[in-house]
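Peer 1: Produce the entire structure from the sequences given, and follow the hints as far as they go.
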Amino acid sequence: MTEKIRTLIVEDEELARNLLKSYLKDQEAIELIHECENGFDGVKMINELKPDLIFLDIQMPKITGFEMLELLEHKPEIIFTTAYDQYALKAFDFHAADYLLKPYPKARLEEAVAKVVEKFKKGGSQPDIVDKVASFPKDEYLERVVVKDRHKISIIPVDQIRYFESMDDYVMIYTKEGRHIKQKTMKFFEASLNPREFVRIHRSYIVRVNEIAEIQQYEKESYVVILHDKSKLKVSKTGYKNIKGTLNF
Amino acid sequence: MRHPFITYPKLGIFYAIFWVVIALGNSIIQWKWDDISFGVSLGLCIVFYFSFAIIGTGIWFVIQYISFEGNSNFRFISSHLIAATIIIAIWLYISSVIVKLLGLHVEGYFKASIPYWLFGGYLLYVVFVISYLAITYYSNFKDKVRKEGELRSLVKEAELHALKSQINPHFLFNSLNSISSLTMSDPGRAQEMVINLSSLMRYSLKHNQNEKVPFREELENIKHYLDIEKVRFGSKLNTVFEIEDKCLSAKIPNMLLQPLYENAIKYGVYEATDPVDVITKCTKNGEFLVITISNEYDPNVITKKGEGIGLRNIKERLQVIFENPGLIQIENSDNIFTVTLSIPQEN
Chain A
126 MTEKIRTLIV EDEELARNLL KSYLKDQEAI ELIHECENGF DGVKMINELK PDLIFLDIQM
186 PKITGFEMLE LLEHKPEIIF TTAYDQYALK AFDFHAADYL LKPYPKARLE EAVAKVVEKF
246 KKGGSQPDIV DKVASFPKDE YLERVVVKDR HKISIIPVDQ IRYFESMDDY VMIYTKEGRH
306 IKQKTMKFFE ASLNPREFVR IHRSYIVRVN EIAEIQQYEK ESYVVILHDK SKLKVSKTGY
366 KNIKGTLNF
Chain B
33 MRHPFITYPK LGIFYAIFWV VIALGNSIIQ WKWDDISFGV SLGLCIVFYF SFAIIGTGIW
93 FVIQYISFEG NSNFRFISSH LIAATIIIAI WLYISSVIVK LLGLHVEGYF KASIPYWLFG
153 GYLLYVVFVI SYLAITYYSN FKDKVRKEGE LRSLVKEAEL HALKSQINPH FLFNSLNSIS
213 SLTMSDPGRA QEMVINLSSL MRYSLKHNQN EKVPFREELE NIKHYLDIEK VRFGSKLNTV
273 FEIEDKCLSA KIPNMLLQPL YENAIKYGVY EATDPVDVIT KCTKNGEFLV ITISNEYDPN
333 VITKKGEGIG LRNIKERLQV IFENPGLIQI ENSDNIFTVT LSIPQEN
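Going down the list, the sequences are from chains A and B.
Take the position in the first sequence, starting the count at 1, then add 125; the result is the number in our numbering.
Take the position in the second sequence, starting the count at 1, then add 32; the result is the number in our numbering.
By construction, these hints were calculated from the structure, which means they are not laboratory data.
Just to be clear, a hint being listed does not mean it is correct.
Derived Cβ-Cβ restraints for the label pairs, each shown as a range [said to hold, decoys possible]:
1) A:I280 x B:P246: 29 to 35 Å
2) B:P307 x A:Q184: 17 to 23 Å
3) A:E265 x B:N270: 29 to 35 Å
4) A:D293 x B:F273: 55 to 61 Å
5) A:D293 x B:I368: 42 to 48 Å
6) B:N356 x A:E315: 27 to 33 Å
Even for Gly, the Cβ is constructed at its ideal location relative to N, Cα and C.
Peer 2: Here it is in structure tokens:
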């Protein structure tokens, strides 16, 4: 191999970073270019340095490793390093090259690195990872959405969201304070939000049930929803059925 | 304690039956033996026994006032003798007034029967005292059994919680990963951490039968826990202890504190990117050991809800052991979360 794999570590615990670094020292294919202590730092440095490979912890302060991935403009290869095994499935939705369970032996790391080396030899490019995350755990609902507006990362608690509007490949998220754009699909949100709290009223809208002030009929068989702040949203036929089902009338 | 007729309403039925049987039985005997009509005999018995039945319910309050505990035998008996005499005097007076009003007054006979009523009154008083004491002991006993059962299940829950949080992957496997890292860079600290982890697990596996342990033991356990977390989080976790020496021998319920530190770490340190102080203060304030644990946290971070199991368990255990709901206080202001425990001390 002529060119080394430019590698970046995102890991909040110093000792875990030290271990990883000492393992990586002997890996000739790897060139460690930077290490980050948290996801915010990770987003910034990955977009800036564009590494080929990242080692990524999942449970970190402020935003998780998964949330960080959603904000990346540059998509490197990913090797997850975590103490939890229950994220493995989700990790592969992000096309992770490998998934290392802490504590892991050096041999396991070498194996993971070999996989990445192999991948680069084949010259396969990383597919778009955003929105492959439809398999959200069934018993849990989305609690927060992480968005990046220009240079700021915001964490929006789901209970502050009033409604979602689809805009081509993006979704506009409306809160009381303002709106944020996120590269996700309506399908994702529909699947991962609590159906008691949110209802899909139209191809283009998912609304918080408690935001609905009125449902008005304006033509035969067509309705609009009026929110507490007086904004009007169209309701489709299926949407009307959904509302009926959620509100029980 | 509440009056048994309120606690056990069914008792009232038995009470009524008891007095009807006594009054009826005595009136038949009196009618056979003495030279009076059955009507007068029945009337007299009804008046005397039914009025005693009504006045007798009040003897409950006398029992509450003059109890076995805290009184010598002599005082107990003499106090009850005085109370009995007063109650019987009132009873005899009220009964004779009613007898006169109802015209059941048979000249000569009534006066002669007074000593028998007097004797009967004392006898009934003794029966009342014995029955009420029996009821008191029975309900105290039942209470104690219930309380012990509740406490046992809460202690089990606390043990289980401690064990679960130690085998929680975030704690256990990250700690083991830190040890794995230290074995190469700093074997001495790796050994220290293994020992701390062992001590921590041993403490929660110990199944301490004693309800309470010296504060010193709990504190030691907490320090093992915090030392492990310190190795993991480095300078991000800063612990401060301000403990008065006289607190160390104070007794507190076992495994009480660890969930509080777990919360402090989970909500304060895990989510922080800057150093966080976890401050423990302990003073002995008269009859209370007052423990205050506070940590800074970032109110903007959203963590999973419904994880208050640790806090709820502590609250319930304190409530069951000390029968006082105000022993735990939670304060949440200016980015600082503070829990204050007041543990009553026996001197």
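Peer 1: Take the hints in turn and mark each one as holding or not.
Peer 2: How the hints compare with the structure:
no., hint, result
1, A:I280 x B:P246: 29 to 35 Å, "44 Å, violated"
2, B:P307 x A:Q184: 17 to 23 Å, "19 Å, holds"
3, A:E265 x B:N270: 29 to 35 Å, "33 Å, holds"
4, A:D293 x B:F273: 55 to 61 Å, "58 Å, holds"
5, A:D293 x B:I368: 42 to 48 Å, "45 Å, holds"
6, B:N356 x A:E315: 27 to 33 Å, "50 Å, violated"
Of the hints listed earlier, those the structure fails to meet are numbers 1, 6, in rising order.
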